[in-house]
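A.B. asks: Let the sequences and hints guide you as you build the complete structure.
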Amino acid sequence: MSRIAYVNGRYQRHAEAMVHVEDRGYQFSDGVYEVCEIWNGRVVDERRHLDRLERSLRELQIRMPMGRAALSQVMREVVRRNHVSDGLVYLQVTRGVARRDHVFPSPDTKPALVVTARSVPAGAGDASAQAGVGVITVPDNRWERVDIKTVGLLPNVLAKQKAKEAGAKEAWFVDTQGFVTEGGSTNAWIVTKDNTLVTRPAEQGILKGITRQVVLDMIERHGFAFDERPFTVEEAKQAKEAFITAASTLVMPVVRIDDTPVGNGHPGELSRELRQRFHEVSESEPV
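For the sequence shown, the working numbering begins at 514 and goes up steadily by one.
Hints are computed from structural coordinates only; laboratory data are not their basis.
Mixed in with the good hints there might be a few duds.
Simulated pairs of lysine-lysine, DSSO-like, Cα-Cα distance not exceeding 27 angstroms [said to hold, decoys possible]:
1) K721 to K750
2) K677 to K721
3) K675 to K721
4) K750 to K706
5) K753 to K721
6) K623 to K706
7) K721 to K673
8) K677 to K753
9) K753 to K675
10) K706 to K721
11) K675 to K623
12) K677 to K750
13) K675 to K750
14) K623 to K673
Here are the computed distance ranges between Cβ atoms for each label pair [unchecked claim]:
15) Q525 to E733: 38 to 48 angstroms
16) F739 to R612: 49 to 59 angstroms
17) D639 to T773: 23 to 33 angstroms
18) D772 to E798: 37 to 47 angstroms
Note that the Cβ used here is the ideal one computed from N, Cα and C, for glycine as well.
C.D. replies: Here it is in structure tokens:
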């Protein structure tokens with residue numbers, strides 16, 4: 514069955530969907546995106562994802578391409594037309610199509626919108642979660658405004674490729690002071706030997722992950738010990754547990770950092786519990 518994409522007002526065959534050569538997302542990475550999990554026929558944490566989308570657009574002075582309710586309906590229609598029960602829906606908004614010029618185009622330039630969806634088998638990440646994954650560390654060479662979820666991801670692409678070549682799942686960026694910031698497409702966490710969960714504050718230097726926020730909600734609900742502060746690579750290597758979070762991975766245990774096993778080299782109890790309880794706390798609405 515053919516996949517369907519939404520591109521600037523039209524539902525099209527995925528194989529034939531395209532954007533204009535002078536779309537500013539293509540020429541300048543002048544756009545933002547969001548990815549929502551589809552779980553059991555429900556859109557997970559849509560409200561929070563659209564809140565973050567609107568914030569990213571405001572920070573770049575790009576208009577919403579349509580009203581929020583209409584955008585929600587487009588998302589759901591793309592999910593339905595692709596018959597996705599479990600998987601991901603992707604939204605991308607750019608400043609639109611205009612003659613190539615670094616400065617903003619005319620204010621009446623219409624933002625461009627692309628929405629796609631694809632199926633991912635239910636439980637596809639469970640095998641990885643049971644075994645745990647490895648991460649490598651790389652210098653953080655990204656621009657300072659990583660709090661905006663832009664499509665300008667070249668440093669992330671290079672870091673993720675380096676991780677793949679090293680046999681790892683993710684790369685953790687490390688700032689000039691030796692502190693872990695975040696992963697190429699995930700937030701980074703550790704669990705100390707006294708069972709305290711630690712993750713870096715999201716005011717600056719990292720993206721305020723939606724899955725990260727759900728984990729924070731779980732921490733509050735269940736009364737887990739928590740410390741929101743930076744941690745070094747060395748502290749992470751000495752931690753009892755480590756894990757990463759994202760909409761595409763949920764809570765994924767980390768069992769190796771560079772060449773160093775984390776804890777006993779197996780997924781930790783707290784990481785496994787957070788993964789198991791994730792959908793008890795996340796928001797979800799039927800497609």
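A.B. asks: Taking the earlier hints as the rules, which of them does this structure contradict?
C.D. replies: 6, 11, 14
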